[in-house]
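Chains X and Y supply the protein sequences, listed in that same order.
Heads up, the first sequence is in this note's numbering, so the first residue is 1 and it goes up one at a time.
Heads up, the second sequence is in this note's numbering, so the first residue is 1 and it goes up one at a time.
If you are wondering where the hints come from, they were derived from the structure by calculation, not from laboratory data.
Cβ coordinates follow ideal geometry from the N, Cα and C atoms, glycine included.
Mixed in with the good hints there might be a few duds.
Short derived list, chain X residues pointing at chain Y, Cβ under 8 Å [said to hold, decoys possible]:
#  : residue
1  : 54
2  : 75
3  : 77
4  : 102
5  : 104
6  : 107
7  : 129
8  : 157
9  : 159
10 : 164
11 : 167
12 : 181
No more than 20 Å apart at the CA atoms, straight line, and that leaves these computed lysine to any residue pairs for SDA-like [as the list claims (entries may be wrong)]:
#  : chain 1 : residue 1 : chain 2 : residue 2
13 : Y       : 282       : X       : 16
14 : X       : 77        : X       : 106
15 : X       : 238       : X       : 226
16 : Y       : 282       : X       : 109
17 : X       : 77        : Y       : 29
18 : X       : 77        : Y       : 46
19 : X       : 118       : X       : 144
20 : X       : 238       : X       : 77
21 : X       : 191       : Y       : 296
22 : X       : 79        : X       : 3
23 : X       : 79        : Y       : 29
24 : X       : 118       : X       : 140
25 : X       : 77        : Y       : 298
26 : X       : 79        : Y       : 168
27 : X       : 238       : Y       : 302
As a plain string of letters, each chain reads:
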Amino acid sequence: MSKTEDVLRDLDSKDQPALVGYFPAGYPTIDESVAACVAMCESGVDVLELGVPYSDPVMDGLVIQEATEEALANGFKLKDLFPTLKRITDSVDTPVLVMSYWNPIMQYGVERFARDLKAAGGAGLITPDLIPDEAADWLKISDELDLDRVFLATPSSSQERLANSASLSRGFVYAVSTMGITGAREDLDRKARDVVSGVKASGSDTPVCVGIGISTADQVAEVNSYADGAIVGSLFIKAYKNGGVAELTESVSSLKSGK
Amino acid sequence: MNNPTNLRAQDGPYFGEYGGRFVPESLIAALDELDATYQQAKADPLFAAELAELNHSYVGRPSIITEVPKFAALAGDIRVFLKREDLNHTGSHKINNVIGQALLAKRMGKKRIIAETGAGQHGVASATAAALFGLDCVVYMGEVDTQRQALNVARMRLLGAEVIPVTTGSRTLKDAINEALRDWVTNVDHTHYLLGTVAGPHPFPTIVRDFHSIIGIESRAQMLNDYGFLPDVLAACVGGGSNAIGLFHAFLDDPSVRLWGFEAAGEGINTPRHAATLSMGKVGVLHGAKSYMLQDEDGQTVESHSISAGLDYPGVGPEHAWLKDINRAEYFGITDDQAMQALKALSQTEGIIPAIETAHALAGVIEHGKTLPAGSTILLNLSGRGDKDMETVGKYFGFLGA
Ligand SMILES: Cc1ncc(COP(=O)(O)O)c(C=O)c1O
Numbered sequence: 001m002s003k004t005e006d007v008l009r010d011l012d013s014k015d016q017p018a019l020v021g022y023f024p025a026g027y028p029t030i031d032e033s034v035a036a037c038v039a040m041c042e043s044g045v046d047v048l049e050l051g052v053p054y055s056d057p058v059m060d061g062l063v064i065q066e067a068t069e070e071a072l073a074n075g076f077k078l079k080d081l082f083p084t085l086k087r088i089t090d091s092v093d094t095p096v097l098v099m100s101y102w103n104p105i106m107q108y109g110v111e112r113f114a115r116d117l118k119a120a121g122g123a124g125l126i127t128p129d130l131i132p133d134e135a136a137d138w139l140k141i142s143d144e145l146d147l148d149r150v151f152l153a154t155p156s157s158s159q160e161r162l163a164n165s166a167s168l169s170r171g172f173v174y175a176v177s178t179m180g181i182t183g184a185r186e187d188l189d190r191k192a193r194d195v196v197s198g199v200k201a202s203g204s205d206t207p208v209c210v211g212i213g214i215s216t217a218d219q220v221a222e223v224n225s226y227a228d229g230a231i232v233g234s235l236f237i238k239a240y241k242n243g244g245v246a247e248l249t250e251s252v253s254s255l256k257s258g259k
Numbered sequence: 001m002n003n004p005t006n007l008r009a010q011d012g013p014y015f016g017e018y019g020g021r022f023v024p025e026s027l028i029a030a031l032d033e034l035d036a037t038y039q040q041a042k043a044d045p046l047f048a049a050e051l052a053e054l055n056h057s058y059v060g061r062p063s064i065i066t067e068v069p070k071f072a073a074l075a076g077d078i079r080v081f082l083k084r085e086d087l088n089h090t091g092s093h094k095i096n097n098v099i100g101q102a103l104l105a106k107r108m109g110k111k112r113i114i115a116e117t118g119a120g121q122h123g124v125a126s127a128t129a130a131a132l133f134g135l136d137c138v139v140y141m142g143e144v145d146t147q148r149q150a151l152n153v154a155r156m157r158l159l160g161a162e163v164i165p166v167t168t169g170s171r172t173l174k175d176a177i178n179e180a181l182r183d184w185v186t187n188v189d190h191t192h193y194l195l196g197t198v199a200g201p202h203p204f205p206t207i208v209r210d211f212h213s214i215i216g217i218e219s220r221a222q223m224l225n226d227y228g229f230l231p232d233v234l235a236a237c238v239g240g241g242s243n244a245i246g247l248f249h250a251f252l253d254d255p256s257v258r259l260w261g262f263e264a265a266g267e268g269i270n271t272p273r274h275a276a277t278l279s280m281g282k283v284g285v286l287h288g289a290k291s292y293m294l295q296d297e298d299g300q301t302v303e304s305h306s307i308s309a310g311l312d313y314p315g316v317g318p319e320h321a322w323l324k325d326i327n328r329a330e331y332f333g334i335t336d337d338q339a340m341q342a343l344k345a346l347s348q349t350e351g352i353i354p355a356i357e358t359a360h361a362l363a364g365v366i367e368h369g370k371t372l373p374a375g376s377t378i379l380l381n382l383s384g385r386g387d388k389d390m391e392t393v394g395k396y397f398g399f400l401g402a
């Protein structure tokens, strides 16, 4: 059973919008990232996506790149991830998924990473550069430990690949709203609707959340009208950079309330 | 090796445990399209004819082989032959792959190509093909490299390409590839990523190798026809590995032929400042493929260092990782200074100025040639000419100024 799915389904049944919020572990420091993440959960984020800083984040735009570079420059190490995660999961009930590029996980050891993630109260993993085709080790251990595993579904994915991503994802399917990398965009692509309907058409009942480029309350509301949640990252980092936890929580609650 | 081998038949996605497609789902459709287009092209005699014609009348193939006895004397009692990829149009082997992929881009109806470049040779070749085929071209180049290869930046701009200096990370080739991948994820509908080496996700390592394999195919025939024997050793420098695999591939199933790849050892293989990925790296995933790479215990990529921009890369193509593991090829490190001395040596003994990248292979031949029995023969891939490096060389040896 996936707690993430329970949360998303529960909001859906109450006709409430779901907000998935991204923040990098260790940004700008470990303590500050814990405080920021806890504040995000307390001010309206329904599912937290905790990013692992990585030297070569090819799926991320400049805002996230700069934040994760700063975390690394400030000394963040992979072994710090699990205590950081545990401090967050000890403080809030919100499901926390770790978002990591594959190489750090491979070096740590896929099984060891999964076990430490579980022990720290993590709900599962979002893997932006791991497609299901290359994920044999991760599929196996995530089944054994009942961890969420979130694969991507994109506007260029064939229906067959959408169906496969959906059937192998647990927690939610990450529907990429537009072709591109993370970063706020003015207009949300219409393509997002097609990806979501493609996933739903495959018969999957795994929730679908839409991400990449979401930065306004209107977009959050719009996405929630056809999908099971909206994923926001760069905007929150910008808010934090501008005005610390206060502006971050303000940003979260305004997106969540649709204002 | 007693058993007849068929190493040449090995194509991606995997070379042993290496290779694959560790990329965002957003790129899978484009990689599938590229693969399908390439498979069709491979089976189409018209494609082969068009490529052969361009290789002949535009690139200037076949490239010649030059024996260099005075240089060889520096490496003991051996004979050294150079496969002259420096004489290709644009001055390096890079054009072989670029012409092939530009034809594939045309087949896919893509009007825009993007490329990464380190030394600028792949960027220049890409800008050249874009001019020839009427394509838009954007080249990503680390800011450090735009400075040390400024002449090539000017060449690319003259050819009509847009050169974007990359200011993230180490500001070298690795970061240029990251930026090109980000562009590709965003513009994949109308853009082809013309990757310049045998790294990256499948099908790039196979496609790039195949377009460069003409180096070895020609060489093998030239050695047999003109000299009547196969060389005992092949030598090439290894950055991502394209010129090396291009030379090696036709000989993979000739067990008598040893394969030597020379990586950049920078300030020394036991210092933190080198780019000797196969010698010192660990297995990981970088830029879409599983292979050896320079990384710390957390899997963070470690910055590489080399005096040569084209070898200054912390990854390497997956086929090389496999050839190393099965002991078919051997890889060694060559320091900045060894390379610069060899560059000067070839210039002054034979009147041929090589690129600094290529000079690593020349230095490798000087060092390791001495271990060979008298009369041994080495065929070295002279992957590029040194014109682009004159500023670095001038500073290094104090040749600039009055
Ligand atoms: C002349 C020359 N040789 C070699 C290289 C290294 O690349 P590869 O290892 O792919 O041949 C470069 C790359 O820029 C180059 O310009």
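Checked hints:
no.	hint	in the structure
1	54	7 Å, holds
2	75	11 Å, violated
3	77	6 Å, holds
4	102	5 Å, holds
5	104	4 Å, holds
6	107	3 Å, holds
7	129	5 Å, holds
8	157	6 Å, holds
9	159	12 Å, violated
10	164	10 Å, violated
11	167	14 Å, violated
12	181	5 Å, holds
13	Y/282 - X/16	48 Å, violated
14	X/77 - X/106	15 Å, holds
15	X/238 - X/226	27 Å, violated
16	Y/282 - X/109	14 Å, holds
17	X/77 - Y/29	34 Å, violated
18	X/77 - Y/46	54 Å, violated
19	X/118 - X/144	11 Å, holds
20	X/238 - X/77	23 Å, violated
21	X/191 - Y/296	39 Å, violated
22	X/79 - X/3	25 Å, violated
23	X/79 - Y/29	35 Å, violated
24	X/118 - X/140	14 Å, holds
25	X/77 - Y/298	7 Å, holds
26	X/79 - Y/168	25 Å, violated
27	X/238 - Y/302	28 Å, violated
Checked against the numbered hints given earlier, this structure breaks hints 2, 9, 10, 11, 13, 15, 17, 18, 20, 21, 22, 23, 26 and 27; the rest are met.
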